[in-house]
Amino acid sequence: MKSNRQIEHFVAPVDETPLLPTDTLRVEAAPLSLWADAWRKLRRRPLFIISSVMILLIITVALFPGLFTQTPPNQNCLLANSEAGPTAGHPLGFTFQGCDVYSRIIHGTQASLSTGVLSVLCVLVIGVTFGALAGYYGGWIDAVLARLGDIFFALPILLGALVITQLPFFRENKSVWTVVLVISMLAWPQMARITRGAVIEVRHADFVTAARALGVSKFGALARHVLPNAIAPVIVLATLELGVFIVLEATLSFLGVGMPESIMSWGHDISAAQTSIRTNPMILIYPAIALSVTVLSFIMLGDAVRDALDPKSRQR
Amino acid sequence: MTRYILRRLLQVIPVFLGTTLLVYYMVFALPGDPIAALFGDKQPPQSVIDALRAQYHLDQPFLVQYGIFLKNLFTFDLGVDYTQQPIAATLARIFPVTAMLAIEALIIQAVFGVAFGLFAGLRRGKLFDSTVLVASLVVIAVPTFVLGFVFQLIFGVQLGWAKPTVGANANWETLILPAVVLGLVSFAYVLRLTRTSVIENMNADYVRTATAKGLSRPRVVMTHILRNSMIPVVTYLGANLGSLMGGAIVTEGIFNVPGVGNKLYQAVLRGEGPTVVIIVSVLVLVFVVANLLVDLLYAWLDPRIRYEK
Amino acid sequence: MRFKRTSTVLGMAAAAALALSGCGGGGGTTGGGTASTDPNKVITAYSNEPQNPLLPANTNEVYGGRVVELLYEGLRAYDPSGKPINALAESIDSSDAQNWTIKVKKGSKFTNGEEVTAKTFVDSWNFAALSTNLQNNGSFFESVEGYDAVSAVTKSTTPDGKTTSTPAPKAQTMSGLVLKDDSTIQVKLAQPEADWSLRLGYSAFYPLPSAALKDPKAFGENPIGNGPYKMAKTGAWVHDQSISLVRNDDYNGPRKAKNGGVTFKFYTDPGPAYTDMQADNLDVTDVLPSNALKTFTSDFQGRNLIKPVALNATLNIPPYNPNFQGEAGKLRRQALSYAINREEICKVVFNGTRTPATEYTSPVLDGYSDKIPGNEVLKFDAAKAKDLWAQAEKIKPYDASKPLLIASNTDGGNKEWIDAVANGFKNNLGIQAEIQPFAKFAEVLNLRKSQSLPGLTRAGWQGDYPSLYNFLGPVWKTGASSNYEKFSYPEFDKLLQEGLAAKSTADANAKFNKAQEVLFKELPGLPLWYQTRPIVWSNNVVSAETGWNGAVLYYNIQAK
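Those protein sequences? They're chains H, D and U, same order as listed. Just add 87 to the spot in the first sequence (first one is 1) and you have the working numbering. Just add 3 to the spot in the second sequence (first one is 1) and you have the working numbering. Just add 33 to the spot in the third sequence (first one is 1) and you have the working numbering.
Okay, chain H solo, but in the shape it has when bound (with noise of 0.2 Å):
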């Protein structure tokens, strides 16, 4: 960013007149590859260091809530205390059907944060290969690819919702799964077409024409050289839908597609907490704080990794 700021005055910056990196060559070292590369200049980051740590939290809490808490949850759950204030061992008060909202929230941590990123990775893997796959081909590829997308940008998530809970296998085990698949099944269009839009941006650039020329096989210039710059649009997108996903989940648990009301979840709690406000909206307030708790983090992690694959925005 400094340079940026000399640039101004119509002289090459300081940092860039020594001629030295690129006219000694050390050819005998093994050349870093991009993944090495970017790691080492990751680890150094204190946006990836904060937010790995607050993920690391996050996992803990997910993993092992009786560490967090000691009020089951789902137990004792008693109406004269709906929508109470905080009081001694209930930090956060109580919902309207008078669970503990703290607890609730803890042991929400799970499945809440298995939707997101199951979801998230399922629509990365499904979105990024066809969109990449469409992009960069192009023709009938993406023809064939990018109308499939289309087919299944269209259909109602409800309707998808409704049909895929009711195929015998997930009528009898709502879980954590038939949410993701859901999701997956409806969102992977979007990041297809983000991905391909990227793709198509920078197929056609000098350093991929560069590498095909040095014998880099099609294939090979995709993946290596493509892909890595066209990422920066997918990682933004799927660390905000990390949270959308989180918050669709309570959407869907509550029309009655989604996941059974044993297994608890901020959704469940954000979407019953409807009920409350008008007269309690704390209640609503807490979970979505750990929502965007949880979205911050990524937001963080995925700036900080885009960074690092970004060849152009090195600092030194």
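Careful, some of the hints might be misleading.
[Stated by the list, open to error] The following label-pair restraints were derived from C-beta to C-beta distances:
1) D/209 x H/153: 54 to 64 Å
2) D/62 x H/143: 52 to 62 Å
3) H/173 x D/87: 47 to 57 Å
The set of hints was computed from the structure by calculation and includes no laboratory data. C-beta: ideal position from N, C-alpha, C; glycine also.
Could you slot chains D and U onto chain H? The hints should help.
Then chains D and U, alone, in the frame of chain H:
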């Protein structure tokens, strides 16, 4: 170019057939008899139900039903829904309303998303950037029903700036409030996509070249950085038009907008095959055209992109 | 919502409304001479898209029902307390409860000038009952002799083994329905029914002009009636948006409109309607969002009314569930009932807008009793619940491999109370219990009709006409139309039949309440609570009130 456009438009046919077949089958596979469900707790004589089932060809096997549907479609007979209303009239009523809503929302998110994103990208890591990050987190983490409700209460009831609901008088003015709510979630996407692209492009060679040539800072930002950052944003906006048209269930519900999302939702819940399939088919056409426009925009935004060999 | 939409709302109040409630001057709580009223102003009201063309005999859901009731006037009407009074009927007499003579008042006209005579009624009723006309309310004529012939069907089996029935009437008119002269109808029922005339205020019995019988579908779009209101213009029904009615100045019955008209605005969700109410953008709503139950009395101070309606809720326990069969099952059903704290749920979840049930019907009905032997199972008693459950365990252990599910559609604001009931089971019986949510009402109905519910189900009944029998017969009688769980108690059926044949209403009610004792012994469903219908109104109107069935008396609302 014309050939490319023509070819793309021809692709509508398989997409259309694929979508209608898939959606028709999904509605067909839904559990529960939609006709019986029309009557709720108080069921009419079975003969009434059976006669209605026959009227809607629900007593036929799936492929026959689908065939009848296609045949009617090609004779421009969209038929009636399960409440005896002509579907064509329904389409003519709901699509203009939702189109207005979607366009307003699209403009709001495009203008504010790009402007804020550009600014945040240029001043990366500064106060403005962080503030905008927090703001976008809020719209992501707070569900639409809450945002809509709060906006409605503040602007509709307490301040009285706008009518809290839309109802029968849907026009550009009454739709502003729902459009803002609808645009907010996507606003976060547009903003962050713009910001990231701007950051990437700020260090690109052509930007340095432009600056070195002596172009003014605003000129560099607008014509070089921004224009080249637009591809992911335009892609997203194009794809998003679809969700705005068909997926605005919650927002349309809160603001009582008699639009596509609301109707589609009701139709799915009632298992009204014909209505669902026809609405979705129109939506598919919208997507295909929107995506084509986006692809044409790519070529305009980045002259290196060519579709014709 | 779903429940409300699909249930039948009936007769608006009529003649005696004026005399009985003294609302000539505005009625309700805030009425009085202070505000100047504008008798020609049109008021707006909450509603939703009617599900059928607006033909009285075809309208069996609330949102069409409330329009139909303003457009037509029948032989009888119900006063706000549910008491039937004569409207277009001069007299309705019977000496043996089987042969009825109905005298129709002369001189009443439809808004197109056509006169309403005895023949109008006979034609309309035959139209409604004839199975080929596919009228949803056709079965309301089932008591009339000859209904079997006009409603006959032929059954056929499709290749995949499903039976379908096709209308195949053996006669075009009911033999028991005879037009004596221009103003007299003679009705013969298939068997004596003491309370038959009670139902003559229901919309299925409204008269139709001859145009309706020629082209019912077109007529249903722009109906012509004889009631206190008429359609504002051709096309006054804007689908998915609104229906506009204006006052019928020629109407000279008991329900004379006190405003210039009613515009029903359609909402797919009660939430936005409530917000519109707060902004005085809507004048009256009778459906409150569940998140406003705690605030509506303060949001609308002096502008709300809570009145009980003929609508109850039960929790049905399917007889095919192995956990609830036999002696152990009976004990468990009792234990479940004792484990529900109805008092607390009504107070906390419903904020007093529902009252704990004491029997299987509704307290607004004539003949209601809160002292039916056996109804002590409706009192919350955690210790007793645990004890009964333990006793059942000794006979046959409970299969706890799956949580006890309570099936319900999710679009009706039911989740809150089902969660509370499930928590009660968890806390007091130590079993796992939770809601089994369904997005589509059709799915729950499907499971109920095919006897494949995995657990319990929510159920409820809204009265078609104010009679105990209407709450017991269609729901709990063997083979009855809404007895989806296929309960069957011969003794109960026998007592109901005796009640129907009783000479006086009091005798009949005694039998019906005796029949309820059987239900309390068997507990096929657990009565939960009775509904009230809270309504709120805007600053633009003086006040509003509801009739026996919770329907707003729109014609009585005065605009400021």
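Tested hints:
1. Residue 209 of chain D and residue 153 of chain H have their C-beta atoms about 56 Å apart, which keeps the hinted 54 to 64 Å range intact.
2. In this structure the supplied range 52 to 62 Å holds for residue 62 of chain D paired with residue 143 of chain H, their Cβ-Cβ distance being about 59 Å.
3. Range check, residue 173 of chain H to residue 87 of chain D: Cβ separation about 55 Å, and the 47 to 57 Å hint holds.
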